[in-house]
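Here the sequence shown is numbered in the working numbering, starting from 1 and rising by one per residue.
Honestly, the hints are just simulated from the structure, not real lab data.
There are no misleading hints in this set.
Here are the simulated lysine to any residue pairs, SDA-like style, with alpha carbons at most 25 Å apart:
1) 349 - 470
2) 378 - 425
3) 349 - 389
4) 215 - 228
5) 349 - 416
6) 428 - 296
7) 498 - 14
8) 118 - 267
Computed from a predicted model, the values in this text were never measured in an experiment.
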Amino acid sequence: MIKKNLVKSAGIIICIAIISKILGFLRDATIASSFGASLSTDAYIMSLIIPNILFEVIGTAISITFIPILSESYRNNGKDDMFNFSNSIINLLFLICIFLCIFGWIFTPDIVRIIAPKFSGEKYILTIKLTHISIINILFMSITAGYTAILQTLNDFTAPALMGIALSVPIIIYNFLGARFGIYGLVIVTLIGYGLQVIIQIPWIIKNKYKYSLKINFHDSRIKKMLGLIMPILIGVGVDQINSLVDRIMASGLPDGSIASLDFATKVNSLVYSIFAMAIVTVIYPTLSTEGSENNYSNFRRYISKAINNINMLMIPSTIGLVILRFNVIRILFKHGAFNENAVIMTSKALLFLSIGMIFYGIRDVCNRAFYALKDTKTPMINGIFGVCACISMNLVMVPRMGLAGLALANTTSAIVCALFLIKNLRKKINGINGNEILDNGIKIFISSIIMGAGVYGIERFMSQFLYGFRGEIILLICSILVGVTIYFIMLMILGVKEFKFIMKISKNKLKALIQH
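Generate the whole structure from the sequences, applying the supplied hints.
In structure tokens form, the structure reads like this:
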């Protein structure tokens, strides 16, 4: 029953995420069309990175430790006690973010100089001005993080999944209306989008009978417990942000538009990851927290192996498909207005190397959540430090030789190393993760994906000879995806991949129920 509920929750998130990502790419396409891969786009992207860096270190650390303790409070003491504790954490986080907001606003010139040392003149000044507006995002992020943790603990995943839509809609409308106020108008509507992310969760918060109170109970022992867990995460997330910082520093020395191209490639790469892998990670975390707090390691291992199997089933074919169709995808999404063929080539080159890491990012995130659910925050911290050191070292070697592609390859290599390190340590901690089952399914999925890739490559080569222009690119992409999905599903059935058979069984039962009604 629990497994079916998890599949149902993941299905809801996937459906909403597909809509969210379509709107997200429409958002990015309108930005690319209005501003291209240019000086102003680089400044805009960098201005959003600064509040993200400031919030991620503290906000993410609190959010990650929040859910396991909320799950424990809900199970032991009920909703009211969980809500009282939630109010203390949300208020505390908001106060911290007010300080970060003031700090970031005062020291913006210095922060920009650190994260983008190669920015100068107009680019440097514009980034400072835009950051003075975008820094307010931190306040909205704090409330969003608190509400999301509450809803996910209650296994209500709908509102958190809708947040991407809330962010995209104002930006799309602004660009469709002609972006009359330029890049300054864009950063303001982005701020409005972050505000809507808070507002969109309120109906679900009210539905769950949450009551806000302006209190912080510093005597609550759970706050001390969180503080005990939070320090390793602070360090782990902090070094991860250092990695992002080094990426931007290295990219700031590359030709104009490099940061924008890397950002667009990252967004394309995250499409499938966010739709499928993050849906699995999001749904599995509260369940792992419950099983971990009850020391039910048998179920814990089962959920971990199922999560990794599902990530492999979705990510391996997606990676192969994206590598083959990367130029086609970038042209459809971004080649409009100021985004020219040179920008397509730059973005596609970065995407080639980024897409290879999708599978390993998914496995890494599942393993990290497993450790957090077991209240082990030190192992992910050590892994994070190790991964960042590896990535920085590879950046220093690869970027001078390969440029933007080297930056992407360094990140992918780091993700692979981190995922393998975490799997090794998780196996030791919980006495295995059903590795034989994962390997058996992985081989079947890989074979299916290779055969699918051959079919996609063949249809793409054949159809590209007589399909031209934007409409031709869309027809080619749709046909390639349909052929690829058909071949892949047939191969999964022939080879008997368990997860696919289970999903097909649920889908068949749902279809029967609909027909009977």
